[in-house]
Each structure stands twice: as C-alpha cells, then as structure tokens.
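Q: The chain contents come next:
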Amino acid sequence: MMPLLPYVNEYDTPECETLAETAKRSIRTPDSLGLDRCIQCGACTASCPAARFTDYSPRQLVKRVLENDWSLLEDESIWSCFYCYSCNLRCPRNNSPVTIVQVLRQMAVNRGIGLEKLAYFVEIGEYLAENGASRVPGPGLKNMERDLGERWTGFKRDLDSVRAELGLSPGDVRDTKGEIRAILEGTGYFEREKWIRAGTGRDAELPPEYVSHNSPGHEKTGAEFKKNDCIKGDLSFETDRDCSGSEALIV
Amino acid sequence: MKPIETVPDQKLLLFKSCMVGQEYPGVEAATRYVFDRLGVDWFISEEQSCCTGIGHYTDLFEGLTTTAIAARNFAVARKCGYPNITCLCSTCYAVNKEACELLNTNDEVREKVNSIFREKGLDELVYEKGDMDPRANFYHAVEILLSKVDKISESSVLDFSGIRAAAHHACHYYKVKYKDVIGNPENPQLIDDIAAACGADIVRWYEDRTLTCGMGFSQLHLNKNTSLQVTKAKLDSLKNAGVELMIHMCPNCHIQYDRYQPVIEKEFGVEYDTVHMNIGQFVALSMGADPYKVCGFQTHSVPLEGFLEKVGAI
Chain R
1 MMPLLPYVNE YDTPECETLA ETAKRSIRTP DSLGLDRCIQ CGACTASCPA ARFTDYSPRQ
61 LVKRVLENDW SLLEDESIWS CFYCYSCNLR CPRNNSPVTI VQVLRQMAVN RGIGLEKLAY
121 FVEIGEYLAE NGASRVPGPG LKNMERDLGE RWTGFKRDLD SVRAELGLSP GDVRDTKGEI
181 RAILEGTGYF EREKWIRAGT GRDAELPPEY VSHNSPGHEK TGAEFKKNDC IKGDLSFETD
241 RDCSGSEALI V
Chain D
1 MKPIETVPDQ KLLLFKSCMV GQEYPGVEAA TRYVFDRLGV DWFISEEQSC CTGIGHYTDL
61 FEGLTTTAIA ARNFAVARKC GYPNITCLCS TCYAVNKEAC ELLNTNDEVR EKVNSIFREK
121 GLDELVYEKG DMDPRANFYH AVEILLSKVD KISESSVLDF SGIRAAAHHA CHYYKVKYKD
181 VIGNPENPQL IDDIAAACGA DIVRWYEDRT LTCGMGFSQL HLNKNTSLQV TKAKLDSLKN
241 AGVELMIHMC PNCHIQYDRY QPVIEKEFGV EYDTVHMNIG QFVALSMGAD PYKVCGFQTH
301 SVPLEGFLEK VGAI
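Going line by line, the protein sequences match chains R and D.
Take the first sequence: its position 158, counted from the start at 1, is 158 in my numbering, and no numbers get skipped.
Take the second sequence: its position 7, counted from the start at 1, is 7 in my numbering, and no numbers get skipped.
Possibly wrong hints are sitting among the right ones.
[To be verified] Covered stretches of chain R (in silico footprint by chain D; criterion: 3 or more residues with CB under 8 Å from a CB of chain D, positions within the stretch not fixed):
#, region
1, 101-112
2, 128-140
3, 144-157
To be clear, the hints were calculated from the coordinates, so they are not data collected in a lab.
Since this is a predicted model, take the numbers as computed values, not measurements.
Where is the CB? At the ideal position from N, CA and C, for every residue including glycine.
Build out the structure end to end from the sequences listed, making use of the hints.
A: Okay, here's the thing in structure tokens:
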C-alpha cells in the first residue's frame, strides 16, 4: 500500500497550531464552546456512560486538549464515546467534550488513524447516494444477524409486506432524483470514501493527490501537518472576554 | 425552554426516519394514525432523504456533507409548503437543528454549500440565511403529541390503570439542544405526561433515568460488550422499579432496548419482564388502533402479546 498524505477536512478540522484552537474553530463544536472555561470539576466524567464501563474520561480528555497533548489522537480511548451528549448537557461551564472528541476523531482520521472503524460503516455512503436512505451496513447486519437470530431475519425478509399492511410504500427508498449523489460528489465525500478504503487496504485505487511522495517510513508529526495561519502571537488560550460563550444552563 | 403553546399543529413535514422505516415501520403508521385523529395537518415527502445521522455519528460523513444534505431537505420542506420539520427520530431532530443553526450563522459554510448546489445545477436548493428558524421550524413528534394531551386523554379507550410504565427520553432530543426542550432537560417528562393522560401508572423517576440507551452509533458494533453493559444497567433499573412497559421516542433506543433485551438476557444470564414501544404506538393503541395493522408490533423482538391481552387490546 502506498503511503498516504493526510486527508483534508477543513470544516471539521481547520488546520490550527493547537488542539484547542482546532476544536474551537471546528463546525462540529458550538460557537459558544466553553473549552477555556473548564474547571476540571468532572461533571462530564460523572455523567458519562463510557467512563462508567471503560477507562475513557472526558475530564482527562479536555485537560489533555488544553495541554495540547497530540498523543490523544493515537489514544484508543477517544473511540469509546457514545455521543450521548450527557457531558454537553451537564457541563456548568458550557464546555462540550462530546463535540471536542468528534473533532479529535476526525483529526485522527486525517492522519490515517482509526480508518478501519470508518471502513466498517463505509457502505452507508453509496447506499445513501442510491436510495436516499441509510441502513445498517453489511458488517453491522451480520453482527445483528448473529445476535438476533431467526425472529429478526425473518421479519427483515418480510419487511415489504409488513410495510404494505401498514399502508406504507414497499421499500424505504426515497425519490431524490440523483441529487444526493450529486451533493456527495460536490462535498468530496466519494474521494474521502476512496481514501478510507485505500487506507484500510480495501481498495488500491486512490486519487493521485492522496499518494505521498515522501520516502516510505517517514512518519509525520502533528506539527508537520499544521499551518501557521490560525494563531496570532503566542499559544495562550483565548480569554473568557474574547469568547464569552452563552449562558450556562441553571437548573 | 420551548413553550408548549408555540408547538404548531399545521404544516408539519413528518420527517421519515430510516431506522423507523426499516426496523419499526409501525412507529410511522401509528404516528400518522394519531396525527389524523388529533386534527394535525401533516405531510410526508418521498423526496426527503436520510438526515445522514448514522454516517455523521459514526464519523464517516464530515460536517460539510451533513450540512449540505440537511439544506436540501430544508428546500424539500419549503417547496412542499410544510416547513415545520417534525421528526420521529431524535438524531434526525438534532442533526437538522444543528445544520440549520450552522447555515444561518456560518457564512463560509453556507456559501460553500450553495456553491456546490450551483455547480451541480441544483439552484433550487440554495439556502439563504434565515430560510429556516432553528427553534421554530424543528420539532420531535412527541412535542406535537404533548401539545394535544387533553384531546389524547379524551380519545383514550383502553384501560391502562395499574400498568407500571416508565419513559426513556432520547439523548439527542434533550441533551444536544438542551435549551429548546419542553420542560427541564435534567428531568424531561413529555412521555410521562402523555402516558399518564392515557391512564398509565407512570414511574416518573428511576435510577439511571437519564442514562443513554447504549447504542452509541459505532459502539453497538465496535464495542458491543460496553454498549450492552450500558443497556443492561438501564434494564436492571427498570426491573428494580417494577416497570412492565418502557416507552421511548427514538428508533435507535427502540432497537437497543427491544432487539437487544433478549440478547442481554442470554449473554448476562438475567431475565426481564419489560416490554417496549414508541410513544406514537402507545397513543395509537390507547385510541383503539389495531396492534398489528397500525402499531406494527409484529416487528418487535420482545413479544407484546401478554401485555396486549392484559390491557384488552387483543
């Protein structure tokens, strides 16, 4: 497999000097993100289903983001979040670890980390382009078949007739006139898909712009991927006055 | 907080959900049945696509793709004259609301999305700032039901007295845009109030009431053991509280509880007596709808026949 250049995802992961700045500028996080106001109180971790059953800790994650610890991108624990947004609701400082971890995963993905996790779901894109709907992808269906057995697979076989009995159209197919495919082409989704497949050895065809011309074995560090157009001056964080955020929820 | 008086009953685009359509189509059929009987003006467009929620929250789709697909669905809603997007799935609700906020507040993203539409000859999809209002144009079906709770109570024909029921409010309804929840997001009571109006003996608080269902998008598939431990914690709480009917509002939670309860029983050597349904199915049932031809209970994994006999529905 050819070495890959980092994938560019400028809206989820704008290229910045620090993890914190990337998180704040990402469209995945709210404008009012209270990252710099974190007081390490641990309300997030106390509310977190992943923290209850794994070693994931949103409080630690936020601390490491504020310390600009780039090794977070290679930390398997970032893949444990359930995206349940309990931390988003409970944070008294209007921080949102759940959206920050979404940015970290995308930053990891840009560097080729965790692609196998995305590859599991990669059929969703083509299915959406074709049918206008999403469904659990092939590997997920196999997972569910093993778990759920004949009662479920039997129902899935009869889905069209059940839908008809309920007065619904036979299959869940939408009339999108090819517009979804056109949009996915326009946003560059299909290039991303090729890149994911190539990065997991599932498809060797890759657009030339993604093939690295660096000598094999050269591993880029986080700093090499960064542009310096994001931060003016030193690396200190924004003050509360610069980013006042919105009012926190008082219950 | 979203005032209940502001919830509309006209020009609602009933937003098709992929997981409802493919796993629990009775949720859509039951909601249509109930909306008709409550005098709600709703419409379904076959042109509306998936919100991209599954792809977005498994990290497959980036935010730009999700936002562009949402902008197209907003154009569909406006074109058919039903701009009040009303979701059956909490993730559709959150994804659409967030995309609308982003399109209204981020000029760069809005211009990029519009440039893609123009480049592809889809000019009619172009989104102008303020075309949709993130607060006034987006609802979950449960909010519409709550706004009609008196009429639901009058229309209830089944006797649910003595049925211990409890609610699971979907995380992506009350934890993402928590300021737009009807009631207190630390203790949402929408489902409880509706079920109580139908005569159920509602258990308004139980341990871990606000714990997620455990589906966690990629978690059910990639970290299944953790995913099922979370679900088990919730099912254990319901068992301890003596809950026989759990009512939810999102097909992802529905899959996790109904499909995976038998798996958890087998894997963890436990037994549960709880049955599961969506609030739309529950209200339809209370109004006398057919459990199979309207509510679609034949697609459930945990059999409901014992429960249906007990309440006199079959």
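Q: Now tell me, hint by hint, if it's right for this structure.
A: How the hints compare with the structure:
no.	hint	in the structure
1	101-112	holds (count 4)
2	128-140	holds (count 8)
3	144-157	holds (count 6)
Violation of the numbered hints given earlier is absent; every hint is satisfied by the structure.
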